[in-house]
Amino acid sequence: MKTPQHTVPPSGRWARLRRSGFVLSAALALVLGMVSVQNAAADVPTSVLLVSPKVTSDAVNVTYAPFEVTVTCRLGGVGLEGGDFVNGRFVFPVSRDQLVQIVVPVGAQCYVDETKQGGANPVSIVYNGKGSSKFTDGPEAILEDGDPITILDADSNVAVITNNFDAGVLSVKKSVAGDGASAYGSGPFAVQVSCYFQDSLLTEGEISLVGGEVKPFSGKLPAGTVCSVSETANGGATSTTVQLGNENIESVTIGASDVLVDITNYFNVGYVAITKEVTGEGATTYGAGPFTAQVTCTYDVDDEATVVALPNSGEVILNAANNYSAMVSDGDGPFGIPAGSDCTVTEPKSGGATQIMTGDSVSVVGNETVDLNLKNVFDVGSMEIIKERKGDGVDIFGAGPFTVTVNCTYLVDGVLTGFTREAVLNNGNGYEATIDDVILGARCVVEESDDGGATSSEIYSDGEVFPVEGVEIVPDTFIEKGSGDLISLVRVPGTSVTVVNTFDAADLVIVKKRDGDGAPQFGAGPFTVGVSCLYNGNTYSLGAAGSQVLSQGNGYVATITGLPVGAACTVVEPDNGGAVSTVITPNNKDATRGAVVISSAGSTVQVVNTFKIGRLQISKVVDKNQVAPGGAAAYTVTVTNIGAVDFVDGQADDTLPTGAVLVSATGSPVVTGMKLNWTIASLPIGKSVSFTVLATFPNSGSYTNSFGVEAK
Numbered sequence: 001m002k003t004p005q006h007t008v009p010p011s012g013r014w015a016r017l018r019r020s021g022f023v024l025s026a027a028l029a030l031v032l033g034m035v036s037v038q039n040a041a042a043d044v045p046t047s048v049l050l051v052s053p054k055v056t057s058d059a060v061n062v063t064y065a066p067f068e069v070t071v072t073c074r075l076g077g078v079g080l081e082g083g084d085f086v087n088g089r090f091v092f093p094v095s096r097d098q099l100v101q102i103v104v105p106v107g108a109q110c111y112v113d114e115t116k117q118g119g120a121n122p123v124s125i126v127y128n129g130k131g132s133s134k135f136t137d138g139p140e141a142i143l144e145d146g147d148p149i150t151i152l153d154a155d156s157n158v159a160v161i162t163n164n165f166d167a168g169v170l171s172v173k174k175s176v177a178g179d180g181a182s183a184y185g186s187g188p189f190a191v192q193v194s195c196y197f198q199d200s201l202l203t204e205g206e207i208s209l210v211g212g213e214v215k216p217f218s219g220k221l222p223a224g225t226v227c228s229v230s231e232t233a234n235g236g237a238t239s240t241t242v243q244l245g246n247e248n249i250e251s252v253t254i255g256a257s258d259v260l261v262d263i264t265n266y267f268n269v270g271y272v273a274i275t276k277e278v279t280g281e282g283a284t285t286y287g288a289g290p291f292t293a294q295v296t297c298t299y300d301v302d303d304e305a306t307v308v309a310l311p312n313s314g315e316v317i318l319n320a321a322n323n324y325s326a327m328v329s330d331g332d333g334p335f336g337i338p339a340g341s342d343c344t345v346t347e348p349k350s351g352g353a354t355q356i357m358t359g360d361s362v363s364v365v366g367n368e369t370v371d372l373n374l375k376n377v378f379d380v381g382s383m384e385i386i387k388e389r390k391g392d393g394v395d396i397f398g399a400g401p402f403t404v405t406v407n408c409t410y411l412v413d414g415v416l417t418g419f420t421r422e423a424v425l426n427n428g429n430g431y432e433a434t435i436d437d438v439i440l441g442a443r444c445v446v447e448e449s450d451d452g453g454a455t456s457s458e459i460y461s462d463g464e465v466f467p468v469e470g471v472e473i474v475p476d477t478f479i480e481k482g483s484g485d486l487i488s489l490v491r492v493p494g495t496s497v498t499v500v501n502t503f504d505a506a507d508l509v510i511v512k513k514r515d516g517d518g519a520p521q522f523g524a525g526p527f528t529v530g531v532s533c534l535y536n537g538n539t540y541s542l543g544a545a546g547s548q549v550l551s552q553g554n555g556y557v558a559t560i561t562g563l564p565v566g567a568a569c570t571v572v573e574p575d576n577g578g579a580v581s582t583v584i585t586p587n588n589k590d591a592t593r594g595a596v597v598i599s600s601a602g603s604t605v606q607v608v609n610t611f612k613i614g615r616l617q618i619s620k621v622v623d624k625n626q627v628a629p630g631g632a633a634a635y636t637v638t639v640t641n642i643g644a645v646d647f648v649d650g651q652a653d654d655t656l657p658t659g660a661v662l663v664s665a666t667g668s669p670v671v672t673g674m675k676l677n678w679t680i681a682s683l684p685i686g687k688s689v690s691f692t693v694l695a696t697f698p699n700s701g702s703y704t705n706s707f708g709v710e711a712k
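Here the sequence shown stands for residues 1 to 712, where the numbers follow the UniProt record's numbering.
These are calculated hints, taken from the structure and not from any lab test. Do not rely on the hints blindly, as some may be mistaken.
Calculated cross-link-like contacts (lysine-lysine; reagent style BS3-like; alpha-carbon spacing at most 30 Å) [claimed, not checked]:
#, residue 1, residue 2
1, K54, K116
2, K612, K513
3, K513, K712
4, K675, K620
5, K612, K712
6, K173, K215
7, K612, K589
8, K620, K712
Given only the sequences and the hints, what does the whole structure look like? Please build it.
Structure representation (C-alpha cells):
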C-alpha cells in the first residue's frame, strides 16, 4: 500500500485538513476515514495512525454504543490545525472493533484518549504494543504523564483502546410475609424486568416465581446496565416492596458483582363476624333458631375476582349458645381473610323467619374485625273462631261447650313444622275465641273435636267452605275505636273461621202392644220401660224421661220429645207385667233390648208383651183308706202343668189334718207347725212334681188335709 505524500506550508501550520476514505486489508476490517494535509508550497512526509477500540466483558449479546476518541497531535510543538483538527484535537466516534485511519505528519507527537467510555472500567490504550497517556484539556495541552505517541515513518502506527466492562447477574427473590402468607402467598407471581444499557433497551422479560424462590433474570449483564424491576402479578398481596438490601428501589444498576433484588409481598388478613338480630312479635315463640349464615368473600388476584376458600364453605351457625354472633372460624380461632376482600352474607337457613334482611357488604381491614349483619323478623297473625248454632235442638242440647282443634304447619328451613292448639267455645266467651301468635304464612286446618252433640257441623272461611288444605295466616289489621283523646287501636284478626253447628231434634215414640189369650185377663199393666241414649259416643242424659210408664191411661203410648237426631237409644222393659214373652223392635238381635237411632222424622219402638193362660192339676193318692187309732198312713200329692205356659218360681203349701202327727215328707219342705211349704222353681208345660207326706193319726175319726199351689 502506497503512503500518500503531503506538503507543509512555510509557516509550519496546516492549510487545511480533509478526510478521504479507502479500504485497508481485510484483517483491519472497516476503515472509517483518513486525514490528509495538503499545502501548495511543500510536502511533509506522512504516516497512518490506526485507532481501534476493543471490548472485554463476560456479558454476551451486547451491542455497545460508539465510543468517543480524542486524538491530540503537535508537530514542532504546534498543534495541528485545520479540517477535523481544532486546537490540535480531532474528536470522532468509533464502534467496537471498527478501525479509524488518520494520516498524520511523520514526527508528530500525538496522544490518544477515549473521552466517552460508555461506562467501561478500566480502559487501557496501547500504542505499538506500549502504553500511552493523554493531554489535559485546552489548546496548549501539557503532557500529564507518560510519553506521547511519535508518528513513525511506517505504513501504520496502531493505537488499540481496550474497554473492559464488568458484568453481573441480576436475580430476583420472591419473599412473602404477613399473617396470610401461608394461606394466600403461594403465587405464582410475575415480575417484569427491563434493562437499558447506554440508553438503549438491552433486554426485557418476565419472571414467574413462587414464594421463597430465587431466579436469575438473564445471563451476565454489562456493568452500567440499568434495570427497572416491577411486579405485574402480585397474587393478591396487600402490599409489595422492591428492595436492594434494605433500600426500596424502582431500578437497579448492574456493577461488577451479581445483584439480588428482593420483592416482598405482604399478605395481611382481617376477620369477619356475623351478628344476628331477631325481632318481631313472634321472635320469642319462633325465633330461637338455629340459623345458618352463608359468608362469601372475594378479593382481587391480579385483576381477577377470586373467591376466598372459607372454612365449612363459609357456613356459620348462629344460635342461642353463641348469642347469635359468631366469627368465620376454622375451629381453632378466627379465620384470616385477605385484607381488602369484599364480603357479603346471605341466610340459607333463616329458622322460618318471615323477613330476612342482610346488611351491606364489608371490606376486610387488616388485623381488624368487621361485622356482617343479619336481621330476621318473625311476624305473627291471629285467627278468630266464631261459633254459630242453629236448629230445633239449640235450646235443648246445643249449649255446648264446644272444642275446636287448630293444627298449623309451616316450613322451617325446608322442614315441615307445626303445632296444635285448642279453643273452647261456650256461653261464657260468647262462643268466640282467638288463636293468636301464629307465624305468618302458616297453613292451619280447623276441626271441631267436640261439637257439643250437634247433628252436623260445617266450617267456613271468608264465607267459603273451609278448604281441606287449610287456610293461610295473613297479617292482622288495626282499626281505630273511640273518639277524641280516647281513640285506641284495636287488633282485628286477619284470618276468620266460622264453625256452624246444627242441632236437629226429633221424638222417640214407645208403643205397647199386648198379645195372647191371657192379655184381657192379665195384660192390663201398667208397664214400665227404661230408655237410655248415646250421642256422639257419650251418654245423653234423659233425666226423668229415661223411665216411661205405659198404661191404659195413656193408651199404652209414651213419647220422649226433643232427642238429638242421630242419638242411639236403647229401650228395655224391666217389668213386663207377667207376660210370657217380650219382643222389642227394632233391636240388635236381642229381642229384649230395643235399639233405634233417632232420625230427623222421629223414631218408634214397639214393645210387644204376650200373655197366655196357665193351668195346674192337683191330684192326691192315699196308701190306706183306714188305719187304727195311732196308726200311720201316707198320701202323695201330684202337681201337673196342663196349661200353655211354664210354671216358674212357685210354691206348694200343705196343711196337715187336725190331730195328725207328721212323720216325714219328701221334697224337703219347710215345716211350720202343721204347715209344709215346698218351692217349685220350674214346672214346664206337661211336667209333674209329687210330694209324699207320712203321718200318724192318734185318734179315731175322719182326717182332711188342705193343699194349694201359687206363684211367689
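Here is what the structure says about each hint:
no. : hint           : result
1   : K54 with K116  : holds (14 Å)
2   : K612 with K513 : holds (14 Å)
3   : K513 with K712 : holds (26 Å)
4   : K675 with K620 : holds (17 Å)
5   : K612 with K712 : holds (18 Å)
6   : K173 with K215 : holds (7 Å)
7   : K612 with K589 : holds (24 Å)
8   : K620 with K712 : holds (23 Å)
Every hint, counting from the list given before, is met by this structure.
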